[in-house]
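First to last, the protein sequences are chains A and B.
Using my numbering, the first residue of the first sequence is number 53, and each one after it goes up by one.
Using my numbering, the first residue of the second sequence is number 8, and each one after it goes up by one.
Bear in mind the hints are in silico, worked out from the structure with no lab data behind them.
A portion of the hints provided could be inaccurate.
[To be verified] Calculated lysine-lysine pairs in the DSSO-like style (CA-CA distance at most 30 Å, straight line):
| id | chain 1 | residue 1 | chain 2 | residue 2 |
| --- | --- | --- | --- | --- |
| 1 | B | K166 | A | K199 |
| 2 | B | K383 | B | K371 |
| 3 | B | K49 | B | K62 |
| 4 | B | K201 | A | K91 |
| 5 | A | K99 | B | K201 |
| 6 | B | K36 | B | K78 |
| 7 | B | K210 | A | K230 |
| 8 | B | K255 | A | K91 |
| 9 | B | K175 | A | K164 |
| 10 | B | K166 | A | K99 |
| 11 | A | K99 | A | K164 |
| 12 | A | K360 | A | K222 |
| 13 | A | K91 | B | K166 |
| 14 | A | K164 | B | K166 |
| 15 | B | K383 | B | K62 |
| 16 | A | K270 | A | K184 |
| 17 | A | K312 | A | K334 |
| 18 | B | K210 | A | K99 |
| 19 | B | K36 | B | K175 |
| 20 | B | K166 | A | K161 |
| 21 | A | K270 | B | K166 |
| 22 | A | K139 | B | K166 |
[As the list claims (entries may be wrong)] Partial chain B-side listing against chain A, Cβ under 8 Å, derived:
| id | residue |
| --- | --- |
| 23 | Y98 |
| 24 | Y102 |
| 25 | F168 |
| 26 | L191 |
| 27 | K201 |
| 28 | N221 |
| 29 | E309 |
[What the hints assert, rightly or not] Derived DEER-like restraints, expressed as beta-carbon distance ranges:
| id | chain 1 | residue 1 | chain 2 | residue 2 | range |
| --- | --- | --- | --- | --- | --- |
| 30 | B | C23 | A | E364 | 58 to 68 Å |
| 31 | B | S160 | A | S134 | 13 to 23 Å |
| 32 | A | E274 | B | T97 | 35 to 45 Å |
| 33 | A | S129 | B | D57 | 44 to 54 Å |
| 34 | B | D299 | A | L246 | 53 to 63 Å |
| 35 | A | T346 | B | K29 | 56 to 66 Å |
Remember, it's a predicted structure, so these values are computed and weren't measured experimentally.
In this text, a Cβ means the ideal position worked out from N, Cα and C, and glycines have one as well.
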Amino acid sequence: MTYFVRGRVMNTHIIDHYAAQIPILPGEYLPAYLARLRKLTNGVDPKRLMSFSGSVQLGKLHQLFPRVASCFAYRESAREYSGALLKEHLGSRFWRGFTDEQAYREHIKCVKIRVKSKRSVFEGEEILDGLKPMKFCAECRVADIEKYGAPIWHATHQITSMYACAEHSKPLLSFQLKAGETLLDYPLINDEVLSLSSVIKPDELRNWLNNQSNQLLKISSEDNRYRLKDVKSSMASAMGARENTRSMHVDITYRLEWRKYLSSALTRLCPSAQNYAFFSGKANSGLAQQLKQTARVRHPLVFLLAMKFAEEATEFKAS
Amino acid sequence: MKLRPQKSQWVSPTACNPLVAKLNLIRDKQAFMSQVELRQDKQFNFSGVDARERKRVFGSEFYEPSDFAWKIYEAISEMIEFGYRFKNITYPSFYADMNKAALGGQKRVEGKIEANKKIDMGGCIIGPAGVGKSETVNRAVDMLPATILHPASDTAYQKPFLQIPCIKADINGRSTLSVLQNLLAAIDDKIGTKYYEDNPQRKGEGHLIEALANACWQHGIGLVILDEGQMLITESGKTSGKDSPNAKFLQRLFNSLKVPILLIGTPELEDFLSCNAHTLRRYKKDADITLDNYPQDSDYWEELVITIIQQYVFCRDVVMSNKHLRQIYVYTAGNYSALQIYCKALIDHVEASNITSLSEKLLKDVYELNKSVLNKLTRFHNKPIKEISLKVPKLVSKNTKRAVPMPNDQSPDSVALNQSKELGRAAHDLFRKG
Numbered sequence: 053m054t055y056f057v058r059g060r061v062m063n064t065h066i067i068d069h070y071a072a073q074i075p076i077l078p079g080e081y082l083p084a085y086l087a088r089l090r091k092l093t094n095g096v097d098p099k100r101l102m103s104f105s106g107s108v109q110l111g112k113l114h115q116l117f118p119r120v121a122s123c124f125a126y127r128e129s130a131r132e133y134s135g136a137l138l139k140e141h142l143g144s145r146f147w148r149g150f151t152d153e154q155a156y157r158e159h160i161k162c163v164k165i166r167v168k169s170k171r172s173v174f175e176g177e178e179i180l181d182g183l184k185p186m187k188f189c190a191e192c193r194v195a196d197i198e199k200y201g202a203p204i205w206h207a208t209h210q211i212t213s214m215y216a217c218a219e220h221s222k223p224l225l226s227f228q229l230k231a232g233e234t235l236l237d238y239p240l241i242n243d244e245v246l247s248l249s250s251v252i253k254p255d256e257l258r259n260w261l262n263n264q265s266n267q268l269l270k271i272s273s274e275d276n277r278y279r280l281k282d283v284k285s286s287m288a289s290a291m292g293a294r295e296n297t298r299s300m301h302v303d304i305t306y307r308l309e310w311r312k313y314l315s316s317a318l319t320r321l322c323p324s325a326q327n328y329a330f331f332s333g334k335a336n337s338g339l340a341q342q343l344k345q346t347a348r349v350r351h352p353l354v355f356l357l358a359m360k361f362a363e364e365a366t367e368f369k370a371s
Numbered sequence: 008m009k010l011r012p013q014k015s016q017w018v019s020p021t022a023c024n025p026l027v028a029k030l031n032l033i034r035d036k037q038a039f040m041s042q043v044e045l046r047q048d049k050q051f052n053f054s055g056v057d058a059r060e061r062k063r064v065f066g067s068e069f070y071e072p073s074d075f076a077w078k079i080y081e082a083i084s085e086m087i088e089f090g091y092r093f094k095n096i097t098y099p100s101f102y103a104d105m106n107k108a109a110l111g112g113q114k115r116v117e118g119k120i121e122a123n124k125k126i127d128m129g130g131c132i133i134g135p136a137g138v139g140k141s142e143t144v145n146r147a148v149d150m151l152p153a154t155i156l157h158p159a160s161d162t163a164y165q166k167p168f169l170q171i172p173c174i175k176a177d178i179n180g181r182s183t184l185s186v187l188q189n190l191l192a193a194i195d196d197k198i199g200t201k202y203y204e205d206n207p208q209r210k211g212e213g214h215l216i217e218a219l220a221n222a223c224w225q226h227g228i229g230l231v232i233l234d235e236g237q238m239l240i241t242e243s244g245k246t247s248g249k250d251s252p253n254a255k256f257l258q259r260l261f262n263s264l265k266v267p268i269l270l271i272g273t274p275e276l277e278d279f280l281s282c283n284a285h286t287l288r289r290y291k292k293d294a295d296i297t298l299d300n301y302p303q304d305s306d307y308w309e310e311l312v313i314t315i316i317q318q319y320v321f322c323r324d325v326v327m328s329n330k331h332l333r334q335i336y337v338y339t340a341g342n343y344s345a346l347q348i349y350c351k352a353l354i355d356h357v358e359a360s361n362i363t364s365l366s367e368k369l370l371k372d373v374y375e376l377n378k379s380v381l382n383k384l385t386r387f388h389n390k391p392i393k394e395i396s397l398k399v400p401k402l403v404s405k406n407t408k409r410a411v412p413m414p415n416d417q418s419p420d421s422v423a424l425n426q427s428k429e430l431g432r433a434a435h436d437l438f439r440k441g
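Work out the full structure, taking the sequences as your base and the hints as a guide.
Rendered as structure tokens:
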């Protein structure tokens with residue numbers, strides 16, 4: 053008659069216990085869930101709770117795949133549903149197709165054994181920080197208060213190139229964390245967030261990026277990977293680029309135009325942030341790197357902009 | 008003729024609630040009595056067993072439930088069931104309330120309880136020391152599962168949920184912080200968490216209450232039992248609502264936890280509660296059980312004494328006259344703890360002196376050997392509490408507490424005071440005369 057299951061907590065990590073008692077809500081952004089979990093378990097020592105990631109802090113959230121999220125998703129007890137968790141709560145379909153599976157596994161392996169891997173999976177994420185503010189939909193917020201008792205941060209809204217709510221077709225509101233603030237200060241979209249947020253005005257570029265991002269989310273990561281290969285081939289042929297085993301030859305006019313285009317597009321997307329001329333001048337952001345089949349990791353936003361550039365400069369059609 | 012619209016059948020919110028269903032609450036008194044009873048003597052013969060072992064069995068493995076046990080169990084199960092009325096893990100609203108409770112409606116999230124559905128249930132069990140309150144509550148709580156692991160299919164978001172139906176803690180210090188810590192330790196004890204370690208007293212009462220309230224929500228705790236409630240009376244003896252910080256603490260606990268709370272204590276607790284109308288109302292609202300020492304003509308008491316004497320003291324059927332029963336009653340005053348002490352001494356004495364029959368002298372000798380303890384438990388020599396309480400004036404019976412000062416115009420002049428006044432007047436007259 054007595055169900056004594058003390059062993060459940062004793063034998064597993066404390067995070068497993070609380071992850072079951074306070075479940076992640078449908079579509080909730082994983083780092084925000086971990087922040088909410090920390091607030092709800094205010095009686096548990098944060099060091100003990102967060103020891104699965106080796107840090108009390110949530111870490112850098114401008115990353116598409118933050119360290120804390122990878123530690124949580126790939127902990128022993130969650131191995132069976134890591135993929136599903138990342139898909140629903142970190143929008144992994146958006147970015148996973150851009151990574152080489154081997155590179156991705158290496159990154160996970162490094163994270164698991166607590167070896168400092170490369171700071172980000174994607175090049176230049178830190179520079180693109182301003183392009184990834186926390187975003188939310190005002191209508192989703194109201195619905196969430198009714199449904200979940202709390203307005204949660206949605207994973208799909210946090211996708212870098214997503215500017216409108218897929219459910220309500222309304223432009224998202226953006227909220228920039230101040231220096232020194234983390235998601236731990238705002239685990240929910242509270243009134244303060246609402247008052248400090250601003251609507252992201254839709255424009256042609258944002259609408260295009262939004263559509264492309266939605267496309268990526270609809271297809272599995274593996275299929276995205278194949279699709280991106282095809283897209284790269286089409287782009288390369290449209291630009292008359294030639295690839296051999298070592299390098300990619302792209303016309304100088306396109307290369308120069310691309311640098312200008314990337315810088316101006318990034319500035320348009322985030323006018324308040326720094327000048328992106330420096331970023332666009334980096335070798336990894338070059339057009340050849342975007343078209344090269346063998347390049348290991350690309351930032352999804354930069355690649356999507358390359359697609360848009362190809363559409364505008366050549367006869368290439370992303371659809 | 009206008010037909011009345013057909014009403015749909017009322018279904019209780021707890022009818023399909025796994026938090027209640029898996030408690031396996033007993034609805035039948037007889038079933039409860041048979042399950043809670045601990046009677047090794049019904050199965051085993053103790054005739055060849057040495058005194059030490061018999062005392063151990065009698066002390067720890069003997070429990071004969073009285074009607075009060077059923078009453079207490081009924082009150083506990085009712086409080087738990089009602090407490091779960093608005094908490095159902097099958098519905099997302101349970102998790103919504105959990106969020107709302109800890110994070111709702113604030114600019115900065117700090118963990119304040121603001122749940123919509125108020126669960127304000129409180130009760131108290133009051134009775135003299137040694138009457139068996141805690142023992143009975145422990146037995147009743149033992150009938151509930153310590154923890155229940157609900158499968159993922161039972162919950163709204165398909166995650167297994169670990170439920171703690173009830174936690175019990177003793178108020179073993181006058182500090183409210185230690186009470187909160189004890190409650191957190193009770194959770195740790197059941198599921199192996201480390202709340203006690205993670206919440207030292209230096210974090211303050213506010214933090215500990217928030218931590219406890221959140222832990223209660225997150226583990227679906229159905230009832231909080233606080234034993235030794237009389238310990239809340241402060242050392243200064245101040246019990247009035249405005250002055251007593253502990254009365255405020257009880258009120259705060261009640262408002263914050265949103266879980267039914269059951270207090271157990273001696274009659275002093277009742278006086279403590281009654282000094283604040285709000286607190287009294289809260290803790291008397293849903294369960295108000297007052298126990299007293301058993302009266303002399305109680306069938307239960309008589310059966311209890313006969314069973315112990317026959318099964319554990321002499322280990323055979325011995326003739327017990329009414330005089331013997333009355334004598335034991337006089338020594339133990341109908342108090343269960345006193346009876347336990349007395350019978351254990353009786354076992355020792357019978358074994359040591361190799362006595363084979365029950366006699367008045369034997370009963371008296373054993374009493375004489377233990378009267379220092381027994382008298383303290385029964386308070387008045389040779390007189391049971393109930394009889395005494397009828398005779399002793401109210402002021403005397405409350406002599407354990409510091410008297411509350413009364414205004415001069417209201418206090419009745421005692422003989423001593425009158426004498427003092429007369430002496431004073433005489434001294435004043437002498438002074439005037441020079």
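Structure-based check of all given hints:
| no. | hint | verdict |
| --- | --- | --- |
| 1 | B/K166 with A/K199 | holds (18 Å) |
| 2 | B/K383 with B/K371 | holds (17 Å) |
| 3 | B/K49 with B/K62 | holds (16 Å) |
| 4 | B/K201 with A/K91 | holds (17 Å) |
| 5 | A/K99 with B/K201 | holds (12 Å) |
| 6 | B/K36 with B/K78 | holds (9 Å) |
| 7 | B/K210 with A/K230 | holds (28 Å) |
| 8 | B/K255 with A/K91 | holds (27 Å) |
| 9 | B/K175 with A/K164 | violated (40 Å) |
| 10 | B/K166 with A/K99 | holds (24 Å) |
| 11 | A/K99 with A/K164 | holds (18 Å) |
| 12 | A/K360 with A/K222 | holds (23 Å) |
| 13 | A/K91 with B/K166 | holds (20 Å) |
| 14 | A/K164 with B/K166 | holds (24 Å) |
| 15 | B/K383 with B/K62 | holds (22 Å) |
| 16 | A/K270 with A/K184 | holds (21 Å) |
| 17 | A/K312 with A/K334 | holds (12 Å) |
| 18 | B/K210 with A/K99 | holds (16 Å) |
| 19 | B/K36 with B/K175 | holds (24 Å) |
| 20 | B/K166 with A/K161 | holds (27 Å) |
| 21 | A/K270 with B/K166 | holds (26 Å) |
| 22 | A/K139 with B/K166 | holds (18 Å) |
| 23 | Y98 | violated (11 Å) |
| 24 | Y102 | holds (7 Å) |
| 25 | F168 | holds (7 Å) |
| 26 | L191 | holds (7 Å) |
| 27 | K201 | holds (7 Å) |
| 28 | N221 | holds (6 Å) |
| 29 | E309 | violated (32 Å) |
| 30 | B/C23 with A/E364: 58 to 68 Å | holds (60 Å) |
| 31 | B/S160 with A/S134: 13 to 23 Å | holds (22 Å) |
| 32 | A/E274 with B/T97: 35 to 45 Å | holds (36 Å) |
| 33 | A/S129 with B/D57: 44 to 54 Å | holds (52 Å) |
| 34 | B/D299 with A/L246: 53 to 63 Å | holds (60 Å) |
| 35 | A/T346 with B/K29: 56 to 66 Å | holds (58 Å) |
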